[in-house]
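*Asks:* Take a look at the letters that make up each chain.
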Amino acid sequence: MKKSIKIIASLLLATGLFSCNNSEQKNEGNRGALASNAAEKVYVAPGEHDEFYAFLSGGYSGNLTVYGLPSGRMFKEIPVFSQFPTSGYGYSEETKPMLNTSHGFIPWDDLHHPDISQTNGKLDGRWIFVNGNNTPRIAKIDLKTFETTEIIEVPNSAGNHSSSFVTENTEYVVAGTRFSVPIPQEDIAIKEYKGKFKGSLSFISVDPEEGHMEIKFQLIMPGFDYDLSHPGRGKSHGWFFFTTYNTEEANSLLEVNASQNDKDFIAAVNWKKIEEYVNNGGGKKMPANYAHNIYDDKTHTATSTMKKEVLVVDPLEVPGAVFFLPTPKSPHGVDVNPSGDYIIGNGKLSADLTVHSFDKMIDAIENKKYDGEAYGIPILNFEDILAGTVKQAGLGPLHTEFDDNGNGYTTFFISSELVKWNVETREVIDRQPNYYSVGHVMIPGGNSREPFGKYAIALNKITKDRYLPTGPELEHSAQLFDISGEKMELLLDFPTHGEPHYAAGIPAEIIKENSQKIYKLAENENEYATLSPADARVERDGNKVHIYMTTIRSHFTPDNIEGIKVGDKVYFHVTNHEQDFDVPHGFAMIGANNAELLIMPGQTKTLLWEPKQVGVWPFYCTDFCSALHQEMQGYIRVSPQSSNIELSWSLGED
Amino acid sequence: MKYIFKSLFFLGLALLVSCGGKEDKKEKEEIQLGNYQKNEVKEPDASPPQASLIDMSNKGIGPVKNLELPENIDQGMVTKGKAIFDSKCLACHKPHKKFIGPAPAGVLDRRSPEWVMNMMLNPNEMILKDPIAQQLLIEHNGSPMANQNLSEEEARQILEYFRTLK
Chain A
1 MKKSIKIIAS LLLATGLFSC NNSEQKNEGN RGALASNAAE KVYVAPGEHD
51 EFYAFLSGGY SGNLTVYGLP SGRMFKEIPV FSQFPTSGYG YSEETKPMLN
101 TSHGFIPWDD LHHPDISQTN GKLDGRWIFV NGNNTPRIAK IDLKTFETTE
151 IIEVPNSAGN HSSSFVTENT EYVVAGTRFS VPIPQEDIAI KEYKGKFKGS
201 LSFISVDPEE GHMEIKFQLI MPGFDYDLSH PGRGKSHGWF FFTTYNTEEA
251 NSLLEVNASQ NDKDFIAAVN WKKIEEYVNN GGGKKMPANY AHNIYDDKTH
301 TATSTMKKEV LVVDPLEVPG AVFFLPTPKS PHGVDVNPSG DYIIGNGKLS
351 ADLTVHSFDK MIDAIENKKY DGEAYGIPIL NFEDILAGTV KQAGLGPLHT
401 EFDDNGNGYT TFFISSELVK WNVETREVID RQPNYYSVGH VMIPGGNSRE
451 PFGKYAIALN KITKDRYLPT GPELEHSAQL FDISGEKMEL LLDFPTHGEP
501 HYAAGIPAEI IKENSQKIYK LAENENEYAT LSPADARVER DGNKVHIYMT
551 TIRSHFTPDN IEGIKVGDKV YFHVTNHEQD FDVPHGFAMI GANNAELLIM
601 PGQTKTLLWE PKQVGVWPFY CTDFCSALHQ EMQGYIRVSP QSSNIELSWS
651 LGED
Chain B
1 MKYIFKSLFF LGLALLVSCG GKEDKKEKEE IQLGNYQKNE VKEPDASPPQ
51 ASLIDMSNKG IGPVKNLELP ENIDQGMVTK GKAIFDSKCL ACHKPHKKFI
101 GPAPAGVLDR RSPEWVMNMM LNPNEMILKD PIAQQLLIEH NGSPMANQNL
151 SEEEARQILE YFRTLK
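For the protein sequence lines, the chains are A and B, in the order given. Just so we're aligned: 454 in the UniProt record's numbering is position 454 of the first sequence, and the numbers increase by one with no gaps anywhere. Just so we're aligned: 47 in the UniProt record's numbering is position 47 of the second sequence, and the numbers increase by one with no gaps anywhere.
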């Protein structure tokens with residue numbers, strides 16, 4: 001009896017707690033999504049536009065997704081490293097070369113860190129760069145067309161994770177290796193890791209006009225794991241910072257063996273100094289083999305070139321260019337505040353944040369305040385470079401982003417919260433729970449000299465009960481916070497596609513006016529384009545058949561084709577003659593072993609079809625293009641290989 | 001044990017009451033059946049009034065308000081106009097034969113030059129509002145003319161090409 005009274009008493013207590021929750025809260029900051037005005041803050045009325053674009057990495061989807069903020073509406077999935085049957089990317093003859101690598105054609109990757117190009121430390125909205133983590137690559141997406149226009153493979157790298165961050169004039173997009181490997185690769189025992197394996201940090205120059213990428217040099221570093229990186233800003237422009245873990249150089253059971261040292265390092269790289277060294281003939285050319293794939297906007301065609309050489313730099317050859325900053329507890333993220341004064345290391349096994357001072361670092365370098373060396377690279381004395389510590393901010397800090405009011409926003413994975421703190425005083429101002437286990441946080445422009453400190457999105461790793469269940473697998477959840485006040489206010493949950501790691505945001509007005517609406521037919525330079533329906537035709541070249549086809553609402557020219565034989569390789573070169581915004585045509589051929597084509601106005605795309613069965617086979621338009629879309633269809637007659645039927649084609653004729 | 005269940009029941013009630021307070025204040029919207037306003041549905045005319053397809057006074061709807069064609073045909077413009085027509089229009093218009101859309105040959109004997117220009121430049125609005133364009137849509141199988149995003153200069157060049165099609 002006593003027991004049951006106790007139970008009832010505790011239930012009563014709980015009831016009291018629950019029942020009062022809705023009405024009694026006066027603290028605005030803690031009201032979260034229950035606040036009556038949260039809905040208004042994220043409501044974008046029908047037909048209105050969002051204030052910001054957000055580009056979220058798709059992680060293991062290999063692609064990049066585009067969202068609007070504050071609505072959390074998804075606008076587009078941009079195929080980057082993964083084949084995308086929806087548009088034919090990676091399936092069409094024009095785009096297959098985009099996925100070529102030194103390992104051959106690779107239909108997938110793991111996309112992590114988008115970063116928008118900058119001019120003078122400000123977002124310029126021209127391109128967005130992303131990294132492929134698994135088979136090391138950096139891709140460039142053109143923000144005029146929202147298409148992937150370039151992919152460069154990174155040799156001497158593995159686990160391309162401390163990537164793809166841009167310097168403040170987009171001089172370089174930087175890619176660091178997470179997994180050190182033998183450089184060059186060789187057949188040696190894994191146990192020989194220590195001392196033999198190396199980590200490469202690649203500085204990829206970006207042409208200021210066209211954005212073409214080229215590996216300027218690779219810095220060959222000790223065999224640690226280079227986890228994340230961040231460029232210097234303002235006064236620290238010219239430097240780049242990389243976190244390391246596994247300075248123990250373990251090659252097995254890293255979960256234990258790479259957590260032995262109390263401190264690992266942030267590697268500080270004076271890239272301007274190395275650039276000068278390289279421009280004066282420094283460095284060594286070593287044989288390499290890596291793909292450089294470029295998509296041309298005029299030919300709508302990608303070409304893949306294998307590069308055979310890369311310039312490598314030994315850090316010991318450039319004195320004064322590379323230093324190690326001791327940083328506690330296997331730091332994950334390294335972030336530089338907008339003024340460039342502070343370098344924040346997030347020791348993921350720690351409760352504290354380490355804030356290094358750039359000025360103190362320079363002073364320590366000038367006065368040689370060293371605390372030993374690692375493989376000849378000076379280690380600066382921890383106390384001499386430390387600006388301070390954010391004490392007991394949370395558990396498991398990962399990443400920090402900044403607003404334009406001198407505050408940092410750090411994610412804590414283990415304690416699952418977003419913590420706002422003052423960068424100068426290092427005092428915690430506010431903390432908000434995340435649902436659940438937050439990874440990165442993104443503030444539009446938060447990675448530049450001029451952040452737009454209105455919203456932050458927490459990109460969470462675990463969703464559990466936040467949405468209707470969809471079986472064992474759930475899309476990850478993102479959470480939007482209003483950060484314009486002293487306290488952060490949770491406004492919205494929204495699902496994200498794949499696994500978002502980092503993201504990049506930008507005011508919509510910077511890019512929306514430049515967004516391309518059509519491809520001009522007159523500028524179409526595709527080798528197989530059919531610029532006039534009068535030129536639509538079918539040509540045979542051995543067992544290859546080229547069908548030059550055009551589309552317009554609502555027919556294909558030609559739509560009746562005979563004379564195809566089993567065993568032929570049939571190339572449909574489809575040119576969309578529409579010149580109106582948002583009128584693509586789709587092309588689907590029964591039995592095609594690849595995908596459809598989704599052809600934008602004025603564009604040409606090519607699909608390969610290898611008919612295997614005799615008969616008459618239809619094709620049709622997949623994109624509901626007009627009232628007569630259902631009529632947009634055609635037939636191909638496939639005859640036996642021995643047949644003598646002549647090629648013929650027609651449209652609307654007897 | 002019974003005691004516990006009873007208590008739980010009351011607790012449940014307590015929860016309902018304590019959380020439901022707000023709901024009670026909401027004014028209930030009264031819904032009555034059978035008082036819908038009856039909208040008079042007019043049967044649409046099975047055959048809309050036919051516009052005369054020959055109308056030189058209709059200038060259409062669009063950017064071109066007034067266009068005087070010079071006496072002589074400009075061959076340079078004709079060449080340019082034909083190239084644009086072949087690329088952007090031929091898929092639906094054969095010069096001398098009704099295809100998806102009407103044949104342009106002799107169009108200037110049926111329509112004003114302004115109308116032809118506006119049809120090329122502003123087809124979406126023309127189809128919605130212009131009586132001739134509407135009539136043509138019906139006669140051409142309900143297939144609306146696509147907006148090919150021509151510039152006024154390009155449309156003028158195509159018009160010049162049309163002048164040579166007899």
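Don't take each hint at face value.
Stated by the list, open to error - One-sided and incomplete, this derived list gives chain A residues near chain B with beta-carbon spacing under 10 Å: (1) 76; (2) 583; (3) 584.
To be verified - With a straight-line Cα cutoff of 25 Å, these simulated DSS-like cross-link-like pairs (lysine-lysine) come out: (4) 520/A - 80/B; (5) 298/A - 94/B; (6) 520/A - 59/B; (7) 520/A - 82/B.
Worth flagging that the hints you see were computed from the coordinates, not collected in a lab. We put the beta carbon where it would ideally sit given N, CA and C, even for glycine.
*Asks:* For this structure, which hints from the list above don't hold up?
*Replies:* Hints 1, 3, 5 and 6 contradicted; others consistent.
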